[in-house]
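Visitor: Using the sequences and the hints, build the whole thing.
Going down the list, the sequences are from chains A and Y.
The numbering of the first sequence is the numbering used here, which starts it at 1 and goes up by one.
The numbering of the second sequence is the numbering used here, which starts it at 1 and goes up by one.
One should not assume that every hint holds.
[Stated by the list, open to error] Dumping the calculated BS3-like pairs for lysine-lysine here, alpha-carbon to alpha-carbon at most 25 Å:
| # | chain 1 | residue 1 | chain 2 | residue 2 |
| --- | --- | --- | --- | --- |
| 1 | A | K9 | Y | K109 |
| 2 | A | K9 | Y | K73 |
| 3 | Y | K73 | Y | K109 |
[Said to hold, decoys possible] Reference listing, derived: stretches of chain Y covered by chain A, where coverage requires no fewer than 3 residues with Cβ under 8 Å from a Cβ of chain A:
| # | segment |
| --- | --- |
| 4 | 40 to 48 |
| 5 | 77 to 87 |
It should be emphasised that the hints constitute simulated quantities derived from the structure, not laboratory data.
In this text, a Cβ means the ideal position worked out from N, Cα and C, and glycines have one as well.
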Amino acid sequence: NAGVTQTPKFQVLKTGQSMTLQCAQDMNHEYMSWYRQDPGMGLRLIHYSVGAGITDQGEVPNGYNVSRSTTEDFPLRLLSAAPSQTSVYFCASRQGLTGELFFGEGSRLTVL
Amino acid sequence: AQKITQTQPGMFVQEKEAVTLDCTYDTSDQSYGLFWYKQPSSGEMIFLIYQGSYDEQNATEGRYSLNFQKARKSANLVISASQLGDSAMYFCAMREGRKGGSEKLVFGKGTKLTVNP
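Guide: Written out as structure tokens, the structure reads:
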């Protein structure tokens, strides 16, 4: 099983550029989410979705957009990248309320 | 106020000894879940153990056990017989009860465990 697949794994952007981090899961999970991980900060929730067509903001949503047109995909868009968005980004999914999150391998983004 | 507090930025343990990683949480919900994840230096997040707020028994998974003290709002992870491969960052996380059809998982800042030979 592929599980949760994130692409790209590494990306370097210039300030002001836009890009999309892709996330796909093949487990038919309803719940998907995006986190960012910064040194000393743990993981912070950016956006999440409880099903196709439904998204909501997490703790640090500014500068990011998401959409959920299918159960499988949950892309994260940076419309105008800023150096403060340099981070490692994790996509995760879960089936139901009590299950654990399954994480992708992470995407390391550097904004110059 | 922080929802999840991990007060130990770093911990050291000798191989084969047991170690306890602390986690306290803050919630007013009656229904919630507590998780522990491991992040080795390779970066992936690995689920270790889960404890539901209504579970009467402490959760156990192999060498991992969760010391759940509900009144004290603590959910400490105990690793028995530490191995060199246990060296990693460990994150405590909490899922609060469902509110308006949505829910979130909140993570602590983590504890870096180093197992010495």
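Visitor: Determine which of the earlier numbered hints do not hold for this structure and return their numbers in increasing order.
Guide: 2 and 5
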